[in-house]
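Chemist: Single-letter residue listing:
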Amino acid sequence: MGKATVIPFGPQHPVLPEPLHLDLVVEDEVVIEAIPQIGFVHRGLERLVQTRDYHQFIYIAERICGICAFGHSMGYAETVEKLMGIEIPPRAEFLRAVWHELSRVHSHLLWMGLAADAFGFESLFMHCWRLRERILDLFEATTGGRVIFSVVKVGGVTRDISPDMFERFATTLSGIKGEYNQICKAFLTDASVKNRTVDVGTISQQAALDQCMVGPFARASNVNNDIRALGNGAYGALSDFKPILDSQGDCYARVKVRALEVLQSIDIINELIAQIPAGDIAVEVKGSPALGAEASNVLEQPRGECYYYARGNGTKNLERMRMRTPTSQNLAGMTTALAGCDLADVNMIVLTIDPCISCTER
Amino acid sequence: MALDIDFLPLELEELPALAKRKKKAGFRFVQMLCVTTQDGIDLQYSFMKEASLENYTIRGVRPGTKVPSVTETYISAFVFENEAHDLFGVEIEGNLLDFGGNFYKLSEREPMTIISPAQKAAREKAVQEKAAGEEAAGEEAVGEEAVLEKAVASGEQQKAAEANDAKEEASPQEAPGLEKADRTAEANDAKEEVRLQEAPSLGLEEQAAEANDAKEGA
Amino acid sequence: MGSFKLGKMTFGSLFKKPETILYPVQTRPAPLGLKGHIQVAIVDCILCGICMKRCPTGAIKVDKPAATWSIDRFRCVQCGSCVRECPKSCLAMDPNYAKPQTQKSIESVSKPTASESSEEEKAAKEALEAKKAAKIKAALEAKAAREKNLT
Chain A
1 MGKATVIPFG PQHPVLPEPL HLDLVVEDEV VIEAIPQIGF VHRGLERLVQ
51 TRDYHQFIYI AERICGICAF GHSMGYAETV EKLMGIEIPP RAEFLRAVWH
101 ELSRVHSHLL WMGLAADAFG FESLFMHCWR LRERILDLFE ATTGGRVIFS
151 VVKVGGVTRD ISPDMFERFA TTLSGIKGEY NQICKAFLTD ASVKNRTVDV
201 GTISQQAALD QCMVGPFARA SNVNNDIRAL GNGAYGALSD FKPILDSQGD
251 CYARVKVRAL EVLQSIDIIN ELIAQIPAGD IAVEVKGSPA LGAEASNVLE
301 QPRGECYYYA RGNGTKNLER MRMRTPTSQN LAGMTTALAG CDLADVNMIV
351 LTIDPCISCT ER
Chain B
1 MALDIDFLPL ELEELPALAK RKKKAGFRFV QMLCVTTQDG IDLQYSFMKE
51 ASLENYTIRG VRPGTKVPSV TETYISAFVF ENEAHDLFGV EIEGNLLDFG
101 GNFYKLSERE PMTIISPAQK AAREKAVQEK AAGEEAAGEE AVGEEAVLEK
151 AVASGEQQKA AEANDAKEEA SPQEAPGLEK ADRTAEANDA KEEVRLQEAP
201 SLGLEEQAAE ANDAKEGA
Chain C
1 MGSFKLGKMT FGSLFKKPET ILYPVQTRPA PLGLKGHIQV AIVDCILCGI
51 CMKRCPTGAI KVDKPAATWS IDRFRCVQCG SCVRECPKSC LAMDPNYAKP
101 QTQKSIESVS KPTASESSEE EKAAKEALEA KKAAKIKAAL EAKAAREKNL
151 T
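Keeping their order, the protein sequence lines are chains A, B and C.
Per the numbering used here, the very first residue in the first sequence carries number 1; after that it's consecutive.
Per the numbering used here, the very first residue in the second sequence carries number 1; after that it's consecutive.
Per the numbering used here, the very first residue in the third sequence carries number 1; after that it's consecutive.
Keep in mind that a hint or two might mislead.
[Said to hold, decoys possible] 30 angstroms max Cα-Cα, derived DSBU-like pairs, lysine-lysine: (1) C:Lys132 - C:Lys143; (2) A:Lys82 - B:Lys66; (3) B:Lys66 - A:Lys286; (4) C:Lys61 - A:Lys286; (5) B:Lys49 - B:Lys66; (6) A:Lys256 - C:Lys16.
[To be verified] Some chain A residues well away from chain B (every beta-carbon gap over 10 angstroms; in silico): (7) Pro8; (8) Gln12; (9) Val15; (10) Gly44; (11) Arg63; (12) Glu87; (13) Leu230; (14) Ala237; (15) Lys256; (16) Gln275; (17) Glu294; (18) Ala295; (19) Ala332; (20) Gly333; (21) Ala339.
[To be verified] Output of the computed footprint for chain C on chain A, the stretches with three or more beta carbons under 8 angstroms from beta carbons of chain C: (22) 74-86; (23) 123-130; (24) 178-189.
Read the hints as simulated data drawn from the structure, not as lab findings.
Remember, it's a predicted structure, so these values are computed and weren't measured experimentally.
Beta carbons are placed, not taken as given, at the ideal position from N, Cα and C, and that holds for glycine.
Sequences and hints are given; from them, build the entire structure.
Modeler: Printed below as a string of structure tokens:
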């Protein structure tokens with residue numbers, strides 16, 4: 001019977017992917033409970049709404065996070081469009097959805113590389129990021145930036161994609177698919193990977209529902225709350241969208257859900273490209289949001305469901321802009337998953353919730 | 001099926017009962033946010049089930065009012081309640097995972113309650129427009145009704161309008177939330193003005209000048 | 001232990017072209033539309049200041065009395081708002097990144113003032129008009145002389 005020791009973990013740690021601080025109460029290498037603490041990347045971005053008008057704030061919203069950059073700019077633009085009652089052309093909706101799904105592919109590939117690195121499989125990490133480079137090249141060719149795109153504006157998008165570029169999308173994505181299947185095989189059938197992930201950090205479906213978890217983290221515990229199934233925007237044009245669910249609830253299930261979501265996203269992109277309508281890509285937006293007007297919006301980002309809220313005050317600056325990111329909702333789930341695990345599994349479990357602490361504390 | 005979004009008002013006392021009702025109905029907790037306004041802080045709780053998103057807003061929580069926590073029903077709310085306490089100064093009691101102000105490591109207390117001069121000017125303008133709107137409404141009512149009843153009713157309405165006006169004019173000065181914002185905004189004004197001069201002329205300088213004039217005048 | 005799952009990929013990469021290039025010996029041409037840095041065609045600029053108002057970071061400063069347009073390259077986030085909002089389309093996004101520097105500096109261009117050119121133009125115009133006037137005068141005198149001769 002050991003004594004309880006408190007080990008501080010983070011914010012800087014070689015295996016920890018994000019600046020999160022955990023106080024692990026440990027008894028003989030078994031974690032009894034974990035107390036999270038954040039606040040290391042707080043930049044007060046929501047307060048900047050008071051000094052930048054709603055057209056300029058989109059550039060700040062993008063820079064909340066490097067991985068979810070497109071998601072935040074799209075969510076912000078959609079919320080302000082709802083606030084001011086603007087309808088954007090359908091081609092713009094499709095373009096945003098294509099870029100968003102591509103963003104999901106790049107985010108999941110990045111995450112899988114980090115997961116491989118977390119259990120020491122560095123060559124797999126390098127292969128995942130090598131494939132991700134091809135996606136970044138697609139972004140660079142269509143939007144002009146690799147990580148921060150600045151291609152969405154309130155009222156639509158600023159750049160169009162030509163049909164030859166869409167063909168290039170199709171070839172690149174099919175090229176990625178071929179090599180990606182081999183990487184997936186390494187993730188899902190390799191014995192050493194299974195050793196590190198099966199039955200680690202299990203969360204039952206009931207616990208997932210109680211803690212209102214979101215995203216692939218919840219879908220691995222058989223909780224379906226995928227916003228894309230609601231068919232907002234261009235997602236309504238998809239013929240058949242079924243979220244990928246898994247009922248095991250352990251780290252292996254989360255890896256599997258994300259790995260399969262990449263393939264699903266590639267299919268979605270091909271389907272959207274085939275159906276994209278011709279037309280304008282933006283509408284001119286003038287004026288300011290009305291006093292007291294409020295709007296809210298939800299978006300399925302790679303990490304889960306992200307909630308946006310905007311309130312106007314009659315001037316060009318918004319009164320309040322709020323982005324509630326999926327990781328802040330999943331922190332409770334992470335704390336539960338960490339209880340009762342081995343000390344060596346802590347970083348694996350923290351990684352499988354796909355933390356994005358820059359999003360959690362803007 | 002598209003998303004169904006509702007904004008509904010809520011009273012502070014009904015909050016725990018609402019959370020329990022929603023949990024039973026199968027809603028999940030989405031988020032809790034705070035907005036700094038002139039009459040205190042607005043809290044908004046959101047619940048979602050399949051395609052319907054419901055937002056409940058509690059308006060005007062003054063500093064010192066204790067807000068009951070929903071963490072007994074929805075444990076994942078602890079993140080937002082700690083954030084509300086650290087960034088906005090909302091006092092929440094009963095938080096199962098209360099960090100006591102140490103969740104966010106900040107150098108300034110309650111930084112989200114500070115408002116910039118531009119936003120302050122916008123709020124004052126909105127208050128004046130509202131007062132002007134109510135005066136106009138009072139006078140119109142006078143013109144529309146019958147003679148004797150008119151005299152009585154219009155007298156009452158005008159008194160009510162005047163009472164409202166007095167309240168509107170007094171509230172910017174009296175609301176403790178805004179006072180704190182005033183104090184901190186003044187303390188930051190020197191910083192803000194330096195920053196404003198460096199920043200491009202987004203019209204902030206004119207608005208800051210107007211806000212300063214209004215402050216001196218009032 | 002099982003088989004080597006990445007065997008096929010590893011074996012294949014022995015024979016395929018490497019994914020990387022020998023930078024800086026080889027460089028990849030920047031794709032068109034890459035957000036590199038802002039260029040201004042100062043001759044067309046009317047110093048209206050709209051780019052300064054729209055810039056979200058305050059990187060651009062337009063000084064109308066001094067006729068200069070300056071940009072702080074380190075503050076610019078290459079968003080492209082100024083390029084879209086310029087009424088005379090004199091701003092463009094060049095695909096090459098700005099060169100790294102050891103110190104922050106502001107790059108300033110002056111618009112060539114109108115006085116020098118218009119003085120030359122004025123002189124040229126005056127000369128032209130003087131020539132025209134002289135021609136007309138000569139023609140009138142010739143006509144008068146002809147009429148005098150006729151009568």
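Chemist: State for each hint whether it applies.
Modeler: Hints and how they fare:
Distance restraint check for lysine 132 of chain C and lysine 143 of chain C: the Cα-Cα separation of roughly 16 angstroms lies within the 30 angstroms cut-off, and the hinted pair is therefore satisfied. Proposed proximity of lysine 82 of chain A and lysine 66 of chain B is contradicted: the alpha carbons are some 33 angstroms apart, above 30 angstroms. Distance check on the hinted pair: lysine 66 of chain B and lysine 286 of chain A sit about 42 angstroms apart at the alpha-carbon level, beyond 30 angstroms; violated. At most 30 angstroms may separate the alpha-carbon atoms for a hinted pair to count; lysine 61 of chain C and lysine 286 of chain A meet this at roughly 24 angstroms.
Straight-line distance between C-alpha atoms of lysine 49 of chain B and lysine 66 of chain B comes to about 28 angstroms, which keeps the hinted pair within the 30 angstroms bound. Distance restraint check for lysine 256 of chain A and lysine 16 of chain C: the Cα-Cα separation of roughly 29 angstroms lies within the 30 angstroms cut-off, and the hinted pair is therefore satisfied. Every C-beta of chain B lies more than 10 angstroms from that of proline 8 of chain A, the closest at about 14 angstroms, which supports listing it as non-interface. Consistency note on glutamine 12 of chain A: stated as away from chain B, and its beta-carbon is indeed over 10 angstroms from all of that chain's, at 14 angstroms minimum.
Once the 10 angstroms rule is applied to beta carbons, valine 15 of chain A is consistent with being away from chain B; the minimum gap is 23 angstroms. For glycine 44 of chain A, the non-interface assignment is contradicted: its Cβ lies about 6 angstroms from the closest Cβ of chain B, within the 10 angstroms cut-off. Residue-level check passed: arginine 63 of chain A sits 18 angstroms from the nearest beta carbon of chain B, beyond 10 angstroms. Glutamate 87 of chain A, annotated as away from the interface, keeps every beta carbon of chain B farther than 10 angstroms; the closest lies near 13 angstroms.
Not every beta carbon of chain B lies more than 10 angstroms from that of leucine 230 of chain A, the smallest distance being close to 5 angstroms; the non-interface claim is violated. No Cβ of chain B approaches the Cβ of alanine 237 of chain A within 10 angstroms, the least distance being about 13 angstroms, so the stated non-interface status holds. Chain B leaves lysine 256 of chain A outside its interface by the beta-carbon criterion, the shortest separation being 23 angstroms against a cut-off of 10 angstroms. Here glutamine 275 of chain A stays apart from chain B, with its beta-carbon at least about 18 angstroms from theirs, past the 10 angstroms limit.
At roughly 6 angstroms from the closest C-beta of chain B, the C-beta of glutamate 294 of chain A falls inside 10 angstroms, breaking its exclusion from the interface. Not every CB of chain B lies more than 10 angstroms from the CB of alanine 295 of chain A, the least distance being 8 angstroms, so the non-interface label is violated. Non-interface call for alanine 332 of chain A relative to chain B: violated, since the shortest CB-CB distance, roughly 4 angstroms, does not exceed 10 angstroms. Its closest Cβ contact with chain B, about 7 angstroms, brings glycine 333 of chain A to no more than 10 angstroms, contrary to its assignment away from the interface.
Every CB of chain B lies more than 10 angstroms from the CB of alanine 339 of chain A, the least distance being 13 angstroms, so the non-interface label holds. Coverage of a stretch by a chain is defined here by at least three residues with a beta carbon nearer than 8 angstroms to that chain's beta carbons; for the region 74-86 of chain A and chain C the count is 0, and the condition is violated. Look at the region 123-130 of chain A against chain C: 4 of its residues bring a Cβ nearer than 8 angstroms to a Cβ of that chain, three or more, so the hint holds. Using a Cβ-Cβ cut-off of 8 angstroms, 6 residues of the region 178-189 of chain A lie near chain C, which meets the minimum of three, so the contact claim holds.
Violated hints, in rising order: 2, 3, 10, 13, 17, 18, 19, 20 and 22; the structure is consistent with all others.
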